[in-house]
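Asks: Generate the whole structure from the sequences, applying the supplied hints.
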Amino acid sequence: MTEKRRRTYTAAFKAKVGLEAIRGVQTTNEIAQAYGVHPVQVGHWKKAITEQAGTLFETKRGRKKRDEATEPDRLYTEIGLNMELDWLKKKSGLSR
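So for the sequence shown, my numbering puts the first residue at 2; every next one is plus one.
Bear in mind the hints are in silico, worked out from the structure with no lab data behind them. The structure displayed is predicted, hence computed values, not measured ones. It cannot be assumed that every hint is accurate.
What the hints assert, rightly or not - Subject to a maximum C-alpha distance of 25 Å in a straight line, what follows is the list of computed BS3-like cross-link-like pairs (lysine-lysine):
no., residue 1, residue 2
1, Lys48, Lys90
2, Lys15, Lys5
3, Lys48, Lys17
Said to hold, decoys possible - Derived CB-CB ranges, DEER-like:
no., residue 1, residue 2, range
4, Lys90, Arg64, 33 to 43 Å
5, Thr71, Val41, 40 to 50 Å
6, Val26, Asp74, 53 to 63 Å
7, Leu57, Gly25, 15 to 25 Å
8, Pro73, Val41, 50 to 60 Å
9, Arg7, Gly63, 34 to 44 Å
10, Thr9, Met84, 45 to 55 Å
11, Glu85, Phe58, 30 to 40 Å
12, Thr51, Arg7, 22 to 32 Å
No residue lacks a Cβ here, since even glycine has one placed at the ideal position from N, Cα and C.
Replies: Here is the structure:
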């Protein structure tokens with residue numbers, strides 16, 4: 002008995018096929034035949050792209066705010082590392 006495995010497609014492939022379906026130059030059946038997928042799958046990918054298109058531009062670009070709560074912790078860690086490094090140099094005799 003042979004096992005049938007599901008074919009998996011990369012996100013880039015799905016986007017490519019879905020965008021081609023959105024353009025509307027070819028019919029869904031033509032696109033499906035050209036890429037070797039089922040026409041229903043092309044429709045699902047097209048629908049997913051159109052539904053999620055609005056979320057692409059929701060995030061703001063630019064500098065991200067630093068979390069002010071972690072800033073002192075980062076500084077204390079850095080100070081502690083510098084002090085430990087100085088102590089090790091002193092004990093090893095490297096800083097004379």
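Asks: All the hints need checking, so say for each whether the structure fits it.
Replies: Against the structure, the hints come out as follows:
Simply put, lysine 48 and lysine 90 have alpha-carbon atoms about 63 Å apart, too far for the 25 Å limit, and the pair is violated. A distance of roughly 21 Å separates the Cα atoms of lysine 15 and lysine 5; the hinted pair therefore holds under the 25 Å criterion. A threshold of 25 Å between alpha carbons decides the hint, and for lysine 48 with lysine 17 the separation of about 13 Å falls inside it, so the pair holds. The hinted range of 33 to 43 Å is satisfied by lysine 90 and arginine 64, whose Cβ atoms lie roughly 36 Å apart.
A hinted range of 40 to 50 Å holds for the C-beta pair threonine 71 and valine 41, which are about 48 Å apart. Take valine 26 and aspartate 74: their Cβ atoms lie about 55 Å apart, and the range 53 to 63 Å holds. A hinted range of 15 to 25 Å for the beta carbons of leucine 57 and glycine 25 is consistent with their spacing of about 20 Å. Under the hint 50 to 60 Å, the C-beta atoms of proline 73 and valine 41, about 55 Å apart, fit the expected range.
About 41 Å separates the C-beta atoms of arginine 7 and glycine 63, a value consistent with the hinted range of 34 to 44 Å. In this structure, threonine 9 and methionine 84 meet the distance hint of 45 to 55 Å, their C-beta atoms being roughly 52 Å apart. For glutamate 85 paired with phenylalanine 58, a C-beta distance near 46 Å fails the hint of 30 to 40 Å. Between threonine 51 and arginine 7 the beta carbons are some 25 Å apart, a value that agrees with the proposed interval 22 to 32 Å.
Hint compliance for this structure: hints 1, 11 are not met, and every other hint is.
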